[in-house]
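The primary structure of each chain is shown beneath.
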Amino acid sequence: MIPNSVKITPELVAEHGLKPDEYERILKLIGREPTITELGIFSAMWNEHCSYKSSRLHLKTLPTKAPWVIQGPGENAGVIDIGDGLACVFKMESHNHPSYIEPYQGATTGVGGILRDVFTMGARPIACLNALRFGDPSHPKTRHLVAGVVAGIAGYGNSFGVPTVGGQMGFHTRYDGNILVNAMAVGIAKADEIFYAAATGVGNPIVYLGSKTGRDGIHGATMASAEFDDKSEEKRPTVQVGDPFAEKLLLEACLELMQTGSVIAIQDMGAAGLTCSAVEMGAKGDLGVELDLDEVPCREPGMSAYEMMLSESQERMLMVLDPAKEEQAKAIFVKWGLDFAVIGKTTDTLRFVVKHGGEVMADLPIKELGDEAPVYDRPHIANTYQPTVAAESVSAPMSNADALLKLVGSPDLCSKRWVWEQYDHLIGGNTVQQPGGDAAVVRVLDGPKGLALTSDVTPRYCEADPVEGGKQAVAEAWRNITAVGGQPLAITDNLNFGNPERPDAMGQFVGCIRGIGEACKALDFPVVSGNVSLYNETNGRGILPTPTIGGVGLLDDVTVNASVGFKAAGEAILLVGETAGWIGQSVWLRDVAGREEGAPPPVDLAAEKRNGDFVRGLIRNWGVRTVHDLSDGGLAVALAEMAMAKGVGATVDALPAGPAHAVLFGEDQARYLLAVKPDQADAVLAQAKAAGVPVQRIGVTGGDALILPGEKPISVQALRSAHESWLPNYMAGHPTTAEAA
Amino acid sequence: MKSAVVVFPGSNRDGDIIRAIRAGTGHEPVKVWHADTELPAGTDLVVLPGGFSYGDYLRCGAIAGRANIMDAVRAHAARGGLVLGVCNGFQILVESGLLPGVLMRNSQLKFVCKMQHLRVERADTPFTNRYTTGQVIEVAIAHGEGNYIADEETVHQLEAEGRVAFRYCDADGQIGSRTNPNGSFNDIAGIYSSGFNVLGMMPHPENLIDPLVGGTDGLALFQSLVSGKPLAA
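Residue numbers (our numbering), protein chains in the order written: chain A, 1 to 741; chain B, 1 to 233.
With the rest of the complex left out, here is chain B (with noise of 0.2 Å):
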């Protein structure tokens, strides 16, 4: 399981994220400049972090999704690698293309931290093979422009081929507006691509990987990883 974190100047969870990988899968990520061309021979997994990359100026994500390494980012999810983008990373990836919509300001227009319920829509991919379908889980949110969209054609797509990963839902999995955060359309949380090889998703399973701070409903996704293999379509 080798896995290569990207730090682009204003990465802020790239810390946080190293630990929960090293936790879940017991093997040390390497750091890789946002400025660098190649990403470390061998890697298996490609981590975007959280954070204000390029201060989150022009466009959330905007920036990073241009940067020099996101071209060998592209070429790694067409041979089917693995990519991981949270919350800036995921703002990230729909910004390089990787991923299809957008995520706009939060519907209450503000920045919104708190602990969330999600549910699990699928426990059949790389990222979600240790939790089981349907099963809720609580972890951190932390982000300011976390709503998703996408134009209605992409959406009925995204649902039809069951790539939406997660549901922003209540304690019991119950979905709807009095539990989603931030406006999101279908509340949804995060999303596949069309191999199921790039997640996107806001919150943070990073942050909930030890019972002291918050709970370990976050350490079983970076645990199925260390599977490496890509769903079996």
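The shape of chain A in the complex, shown without the other chains (with noise of 0.2 Å):
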């Protein structure tokens, strides 16, 4: 057992990450030494993952705001109107560190914060998705780690009970020490029933709910400590293990709960558990918190004040309930099998009171904890220019056809289907569209309206021109959503970056949200909740800087909707927007040519608005059921991507001028592909020239092959081959083509 009474040494300050002029801070905000309980709490609300300090300045940047708001970032969850009296409650959160330790694990404990995220603010989980970057399939660790972060991930959701419907996986060295993890779940609430964290009366009960404390979690540093114990305390795992029958039971008690009107206020124990939940409910309300941890149920006897409040068990949540509703509300916890206790109650002091065994352990100014965090403008510089590739400077090493079939089974491109047939995509039957598609399409209750959800962000244009790459990741969200047929309203963005205490790296974050900021305001797209994870990084060198975004559209009817596959023979073939060929920072580039390099394509936003109401429009109004959106592997892998799908080829007879190999690959911004019925095809041209949308018929579905111009037909089934074969080779231990170049 910690005694509270541990001499406060510069080691002990700097083992709980607080830099010397922040001790100094405390002493100065305290008026006296803190105690070591005092110490660990301060070192949970003032680290970079809870106070934002780094990052905080340039957040304040981005739009928040938009008339379907309900909630912006700040709580547990973002929340949008939906209409029909109905709200979308969405997050997106990073599990990065503790997944490269212990994949399972750690990708478990992702999603299952992710979800309590969601229906800690009264919504019903109805959809997941993930962003997951690992290191180079050659890192002998890479493989291990795939395979443990999927079964993870299957793991908890599959058990709670949520379809896992979309994601993105890719692979960089840069991520071969520092893999990222993220999780994003999607509920469903009556717009009017929103659950916040902030307290409100004064004397009522808080009450702890859900799984017990243990000693997971706690951070691995202090606990190492020698000078502590001399016996030494068993070294803990600092990851938390996660328990998904624990957390439907607590989604269900929580629900249940909710709808008895006992819950005043409710926080759930993420990060920093005790600490950062109940010092969040006070502040938020204005009100002190005294709790008596006495009354906190713990897995195991002898735990100081200091474990408890640092301890990162899963499944707990935490509440201030209606004093008249207190039996109630334990009669629905007891039939679930759950722990109700009450552990402290509000108070009028605005003091953050902790108690055990009868002593004061903590006593601290509540507000202060949160609001005297330390704020940084940490120094940054801008990146350094990349030049234009010119497409006539690099000539192609293969044929296009060769070209294109190496891309489809490539790492980053080949068919993810190894990864998400291991996830319940479809319970709920409300899975409109699957895994692989541009977005997701989720029916929301039993209709008519639908929510398009997709994850996006292209790391290697974020390292070559962060605002570019900013401004690339959000269009290319809403570009997804558009392509479904879609109305985009929001994001939550979990923003991946290195250390920020190193210049470049802070520079890449503030281009990144520079650029997110941009494409958010010109495409009406507001951030409503989101994540940082900094100090990615292993022996000095950062991860490719990687802000996820997590879009969420809207469909007003959900039968009204596009996919990506060619369904009948036959159909034109139309290619919305301007192709110049752009290859630097191209797949092809990479993967063809074997030069990563140049500057990625610049987002024309204003394009990207036009184009993408044109094609939403005819989606709408015209019946389009076929579209796709054009990124990675440029027009030649969207068609072959669209072929696949359904098995029906395509002929390609008028390529948009340039070398073909930079027209084929390159990733110009703003583009679709849509295949109409043919009689159509002239009125959609029509349409498009008034709008002032370019649009080029460039061939006809149908057969089983795709053929390009001057290229061998490539048959829809050696597409299909190399595509899914990859993935499911490469983690048998296989041979796979990419290792073997």
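Honestly, I wouldn't trust all of these hints.
Lysine-lysine pairs mimicking DSS-like chemistry, simulated, CA-CA at most 30 Å apart [unchecked claim]:
| id | chain 1 | residue 1 | chain 2 | residue 2 |
| --- | --- | --- | --- | --- |
| 1 | A | Lys449 | B | Lys31 |
| 2 | A | Lys53 | A | Lys521 |
| 3 | A | Lys141 | B | Lys110 |
| 4 | B | Lys110 | A | Lys646 |
| 5 | B | Lys114 | A | Lys406 |
| 6 | A | Lys416 | A | Lys646 |
| 7 | A | Lys416 | B | Lys110 |
| 8 | B | Lys114 | A | Lys416 |
| 9 | A | Lys60 | A | Lys284 |
| 10 | A | Lys284 | A | Lys19 |
By construction, these hints were calculated from the structure, which means they are not laboratory data.
Make the complex out of the two chains shown on their own, each in a separate frame, by following the hints.
Rendered as structure tokens:
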């Protein structure tokens, strides 16, 4: 047991991740030396994760408002109005570091945490998505990490009972020592029954719900310190362990409890567990909080106040309840077999008081714990300029047909079926569009509405030009939602970057935020929730800047939606948007020509909006049902994906002007491919002309092969074989083309 | 047509199957809590839904098979009442002794969720009378432990008595290891009790009741139940 009277040494302060000047700030704030429990509380509240001290200044610049936004950033999750008295509650969060140490449990608890954020607000989760980044496939740890992370996501989501409907997965050597696991959850609630964290009323009971508190997740460095206890407490893993069954019970119990009208405030215990949740409830409600730790349900005896306050045991909730309904509330939790304990009360003192064994272990000003956290304007430098790569300057090392086969079977662009078949993506009976398309489409309740859900970012663009990369991530999410017929409404951002104390990494962060903000403003696509994950670096090398954008859009009538696959022969294939043949930073340049360089494609936000609105109009008003957004791999890969989806080939006979390899594989933005009925094509082209949208007829659907101008036909079977085989072969340890290369 | 859907802690396709029963039979089922000891009076059909009852800790279906309500379910089955167990419900039926055999870990050792063809082995049971014998249907599967196995004598008996309800197959109704998603013996996807009033199956017909969401091949199973008649032996 850690005594509360431990002498606070500079080493101990450092082990808590607090800088000397931050410790000075604490001394000034409370006018005395903190107890060890108080030091732990400060370290939890003032770390990067909880305080956003490096990012806060920049996050403030993001647009967060729109008439349909009910709740922006600052709560457990963002909330938007989707009409008919319904609200969509969603957020994305990272669990990068734990997933590298212990991939199964790291990923599992990432999913559990984000689900809790959503149902804490009164919403029933209806879908999960994720964004995964792994190291180079040839790195010795990659296969193990992929297997563990995917199994972990599946293990939690499948048991909890939420469909995992979409996501992305990529490989790059810059993630070798620091993978990314970003999980997004989406829920539905009644718009007038959203629950918040702010406590109200003095003397109301603070109730602990869910699983018991154990020693898992407590800051490893501190736990391992010998000076605490010569008998040396067992060093516990700092990665928490997930229990999806407990979370399922917690969900049902919480939603049932919310129906009774007894919940005044609710906050899940996530990072820094009891500390963060209790402080937030009090501080947001301008109330003090007094906790009696003797009442906390513990997994093992002899836990100290310090340990209880910092434990990150999973599947726990904190609520402020209407005292008149305490017994009714308790009965619901007993029915679901969960712990229910009154562990404190709200006060009018604005103090955060923690008692244990009759002694006061901490007594701190509650508002200042959050409000007075340091805020840094970290030095940042703009990234170095990357020259534009002229298409003519790069010759194609192989035929375009061979390049296409290589790309559809490459680690980044191959089918991720091996992954999503392990996720229950069908539970709920509302999955209208499954993983593998542009955006997942999920029906809301029994309809008629539906949600379009996607997660996007192109890290190599962000590395080459943070501002354009940030814009592109938002634009692609917007485009993916548009491509299925959805009206993009709002995003959650999961900002994964390197060490903010390095000016270049901080510069990437600042640049990406600027790009994200510009795109959100131009596309009317505000940020309503998010998460920042910094210090993603190993041995001094940061990850590629990866601001994952989780987008949500609305389909007023979910039966009116478009999907990727060609559906019939003889349809006209139309290319929407300008094709300049931008090969800088393209997948082709990297994986076929072996050059990872150049400026990324610029994002013209006005063109995005104009082209996207046009395409959405065609889906909604013209009955167009085959649409695909152009992204990684450009036109050729998009055509291949459309052919593979339902086994209908295509003949392309009119490409935009330019070198063929650049036109086929360039990654110009704001583009879509459509297939329309032959008698509709002329009218669509005329309509496009009137709207000022560049649209070109490039070919016709049909046959069992994809035929590109001047290339040998590529059978859809050959495309599928290349597309479907890489990942299963890789995971089985069989030789893959990419590894052999 | 009165049906009762048993909810165990960890059941998660209870809502899906309630929706399917409503769509197929036109009647609203009643939820029954695992800790109850009686079924509602006049219950014709008991459904054990999919999910992870009790977290699937210990062994899938093992704890649920011994839940309070299961005595009432066994008595209902003994009276000839209809019982349908889907996925975790099938696992609970074998654990509770209502059906023979066990469901082991999938042969590829991974959870698998995808669309899967099934062959309807007979169309004269209370669960399949709206299908035709040999009909190939496409429904969802989503399980980690669906690999059915029983001792040789039991399998021989199941086959001899025509108690295999569905087999995994391809789009043309052909069976074989290529189309078997979990290693299940004889491609068994579902089996009946000797009285044909209890059906356990791994696939999820309840998720295929709507043309917008994958198709309607599962709906006929719920429509079949309306007759409520046991197989005329």
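Hints and how they fare:
1. At roughly 27 Å between alpha-carbon atoms, Lys449 of chain A and Lys31 of chain B fall within 30 Å of each other, so this suggested pair holds.
2. Taken as a hint, the Lys53 of chain A and Lys521 of chain A pair is honoured in the structure, with Cα atoms around 24 Å apart against an allowance of 30 Å.
3. Our distance criterion of 30 Å between C-alpha atoms is met by Lys141 of chain A and Lys110 of chain B, whose separation comes to about 20 Å.
4. Simply put, Lys110 of chain B and Lys646 of chain A have alpha-carbon atoms about 26 Å apart, close enough for the 30 Å limit, and the pair holds.
5. At most 30 Å may separate the alpha-carbon atoms for a hinted pair to count; Lys114 of chain B and Lys406 of chain A meet this at roughly 27 Å.
6. Taking the CA atoms of Lys416 of chain A and Lys646 of chain A, the gap is about 17 Å. The hint holds against a cut of 30 Å.
7. Proximity of Lys416 of chain A to Lys110 of chain B is assessed by CA-CA distance (about 15 Å); at most 30 Å being required, the pair is judged to hold.
8. Restraint check for Lys114 of chain B and Lys416 of chain A: satisfied, since their Cα atoms lie roughly 13 Å apart, inside the 30 Å limit.
9. This hinted pair checks out: Lys60 of chain A and Lys284 of chain A have alpha carbons roughly 18 Å apart, not beyond 30 Å.
10. Distance restraint check for Lys284 of chain A and Lys19 of chain A: the Cα-Cα separation of roughly 27 Å lies within the 30 Å cut-off, and the hinted pair is therefore satisfied.
When each numbered hint is compared with the structure, no violation occurs for any of them.
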